[in-house]
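I would like the entire structure built from these sequences, with the hints used as guidance.
Protein chains: 2
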Amino acid sequence: MKFEVLILGNSSATPMFDRHPTSQVLNFNEQLFLIDCGEGTQMQLSRYGIKSNRIGHIFISHLHGDHYLGLVGLLSSMHLVGRKSDLHLYGPAALKEILDVQFLHSETVLRYNLIFHPISPDGPGIIFENRTMKVSAFPLTHRIACTGFRFDEGPRARTLLGDVVQALNIPTVYYPAIKKGMDYVDEKGDVYPADQLSLPAPKSRSYVYCSDTVRTEGYLPYVQHADLMYHESTFLHDMVDRAKETFHTTALEAGEIAKETHAKKLLLGHYSARYRDLAPLLEEARTVFPNTELSIEGKWFLV
Amino acid sequence: MKFEVLILGNSSATPMFDRHPTSQVLNFNEQLFLIDCGEGTQMQLSRYGIKSNRIGHIFISHLHGDHYLGLVGLLSSMHLVGRKSDLHLYGPAALKEILDVQFLHSETVLRYNLIFHPISPDGPGIIFENRTMKVSAFPLTHRIACTGFRFDEGPRARTLLGDVVQALNIPTVYYPAIKKGMDYVDEKGDVYPADQLSLPAPKSRSYVYCSDTVRTEGYLPYVQHADLMYHESTFLHDMVDRAKETFHTTALEAGEIAKETHAKKLLLGHYSARYRDLAPLLEEARTVFPNTELSIEGKWFLV
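Just so you know, the protein sequences line up as chains A and B, in that order.
Residue numbers for the first sequence follow UniProt numbering, so the first one is 1 and each next one is one higher.
Residue numbers for the second sequence follow UniProt numbering, so the first one is 1 and each next one is one higher.
Honestly, I wouldn't trust all of these hints.
Quick list of the computed label-pair ranges, beta carbon to beta carbon [as the list claims (entries may be wrong)]: (1) B:VAL109 - A:GLU293: 29 to 39 Å; (2) B:VAL81 - A:GLU293: 25 to 35 Å; (3) B:ILE296 - A:GLY298: 20 to 30 Å; (4) B:ALA279 - A:GLU245: 45 to 55 Å; (5) A:PRO200 - B:ASP100: 49 to 59 Å; (6) A:PRO176 - B:ILE296: 55 to 65 Å; (7) A:ASN113 - B:LYS259: 44 to 54 Å; (8) A:ASN291 - B:GLU4: 51 to 61 Å; (9) B:ILE296 - A:ASN291: 39 to 49 Å.
Below are the DSS-like pairs computed for lysine-lysine, each with C-alpha atoms no more than 27 Å apart in a straight line [unchecked claim]: (10) A:LYS179 - A:LYS134; (11) A:LYS244 - A:LYS259; (12) A:LYS96 - A:LYS51; (13) A:LYS299 - A:LYS203; (14) A:LYS96 - B:LYS96; (15) A:LYS244 - B:LYS84; (16) B:LYS96 - B:LYS84; (17) B:LYS2 - B:LYS179; (18) B:LYS244 - A:LYS84.
Because the hints were derived from the structure by calculation, they are not lab data.
By construction, the Cβ of each residue, glycine as well, lies at the ideal position given by its N, Cα and C atoms.
Structural data, given as structure tokens:
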């Protein structure tokens with residue numbers, strides 16, 4: 001089951017070196033989730049071949065422009081290209097006010113349902129859940145209210161032992177039940193236990209998104225054991241004072257956080273406009289957490 | 001004296017084929033004026049080597065997203081890169097409300113003065129004037145209140161006849177006065193009339209910007225005799241019904257308007273996302289107004 005993230009933008013507030021502000025598309029089994037929506041996101045979606053109308057849910061971490069200024073353009077274009085399906089939007093309560101004033105003055109009445117879910121800045125909580133995916137928000141510590149997001153895959157299916165079930169002539173209609181862990185009972189009443197017919201389900205995967213935040217202990221309980229952790233790394237550690245002052249994180253700190261929370265892999269991003277070359281950020285994080293990669297625009301990363 | 005316009009975006013509302021929404025930079029003698037500011041304008045400025053802090057005045061025609069959604073990002077980036085100089089912004093009154101709500105929730109207090117000049121939608125008027133340039137707004141007819149802009153160069157200097165003034169040993173300190181048309185009187189009281197020392201001043205130039213509008217007679221008095229007229233041409237004329245319905249203009253109509261108002265040159269733009277190839281729009285306008293060009297992103301056009 002596909003679970004991967006496409007980077008649409010990796011820049012901090014001032015876009016430079018043709019880097020775009022923050023936005024990511026999470027593809028979980030062809031359900032598309034958009035995380036943050038900086039200016040130009042609709043053009044980036046188009047550049048990387050993602051049809052915006054396939055996105056069902058948009059999550060906005062906070063109301064700094066580099067994380068949401070592409071939203072009105074994207075929502076308007078969805079309207080113009082004839083979207084009919086519901087769109088769920090999750091973000092700070094004031095986001096509604098920002099959208100409403102702009103739709104009011106442009107006299108835009110969207111052709112589809114935009115369902116807004118305000119996120120409480122006060123504590124962690126599940127903001128979306130279906131059979132296969134659960135999304136939680138948790139508070140980060142930034143200059144203004146900001147939340148991170150955690151995407152947890154639901155229980156996965158066991159892996160069917162094809163040779164075994166075929167040799168036993170088990171009808172295919174029972175396969176889904178066996179994959180869920182049920183035993184098979186044949187017409188004679190003989191029982192074939194699930195663990196003889198299938199391998200244990202692989203571990204469910206999780207993606208964690210942390211941008212923007214200063215390093216604190218506060219959110220660490222919510223980001224434990226991520227298969228893939230995206231963590232902002234605006235600065236190199238020689239600028240840790242500036243990072244604290246602006247409520248951002250350094251690449252070294254991002255590596256330490258990934259290590260302390262037992263992440264499997266770390267993805268850096270939200271790079272300051274001062275760094276043309278990103279290699280030093282990667283090297284710095286890898287000194288404490290070797291399995292680190294740079295988020296690069298247009299690149300998909302497996303969760 | 002330089003007077004030219006750089007196209008940053010030429011797309012209508014839905015950006016396609018890597019075309020960006022509307023924005024233009026007018027360079028008049030190194031004074032930079034920004035006209036409209038669609039999403040991504042700050043990135044386009046950077047791509048074409050324009051330092052945003054050189055822009056002193058921004059003019060917004062109307063509150064459809066493809067004409068202003070890049071504004072908050074641009075104003076914020078000017079703040080982040082340390083702008084100190086005043087910035088004058090001209091646009092519909094509600095633009096102030098749209099900016100305020102976003103600066104409020106992002107807790108942004110700009111480091112420079114942003115001086116907002118609401119444009120009356122009711123009638124034409126001068127909105128900016130200095131010694132060398134006058135900018136007027138005039139009402140267009142679109143789905144929502146929309147204004148066009150006219151940039152009129154002030155009186156130009158006469159051309160000094162270098163050989164003549166040098167032969168007469170006229171001190172250089174008098175040159176500016178002669179260029180303004182004053183006679184020269186030497187120490188003996190002999191008078192040298194200005195027209196013996198200089199050639200008549202070249203005609204002052206004007207740039208006219210019309211986007212977005214349906215074709216009407218209403219604004220034609222304000223766009224007469226433009227040296228360069230930018231006129232939207234969202235559709236080909238086979239879609240004239242759609243153009244009227246959406247309050248836009250066809251390429252043929254743009255050509256006719258340029259002809260009727262005695263423009264010297266016409267620049268097309270605001271192309272619908274349905275046209276990958278723009279040549280048919282150009283050909284159509286040229287059937288009635290041969291001196292037409294397509295506005296192309298990154299290209300400068302002389303006024």
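Results of checking the hints against the structure:
1. B:VAL109 - A:GLU293: 29 to 39 Å: 37 Å, holds
2. B:VAL81 - A:GLU293: 25 to 35 Å: 29 Å, holds
3. B:ILE296 - A:GLY298: 20 to 30 Å: 25 Å, holds
4. B:ALA279 - A:GLU245: 45 to 55 Å: Between ALA279 of chain B and GLU245 of chain A, where Cβ atoms are some 54 Å apart, the hint holds.
5. A:PRO200 - B:ASP100: 49 to 59 Å: 57 Å, holds
6. A:PRO176 - B:ILE296: 55 to 65 Å: For ILE296 of chain B against PRO176 of chain A, whose Cβ atoms are near 56 Å apart, the range 55 to 65 Å holds.
7. A:ASN113 - B:LYS259: 44 to 54 Å: Roughly 47 Å apart at Cβ, these two residues keep to the hinted range, so it holds.
8. A:ASN291 - B:GLU4: 51 to 61 Å: 52 Å, holds
9. B:ILE296 - A:ASN291: 39 to 49 Å: 46 Å, holds
10. A:LYS179 - A:LYS134: 21 Å, holds
11. A:LYS244 - A:LYS259: Satisfied, since the Cα-Cα distance of roughly 20 Å is no more than 27 Å.
12. A:LYS96 - A:LYS51: 24 Å, holds
13. A:LYS299 - A:LYS203: 25 Å, holds
14. A:LYS96 - B:LYS96: 18 Å, holds
15. A:LYS244 - B:LYS84: 25 Å, holds
16. B:LYS96 - B:LYS84: 20 Å, holds
17. B:LYS2 - B:LYS179: 18 Å, holds
18. B:LYS244 - A:LYS84: 25 Å, holds
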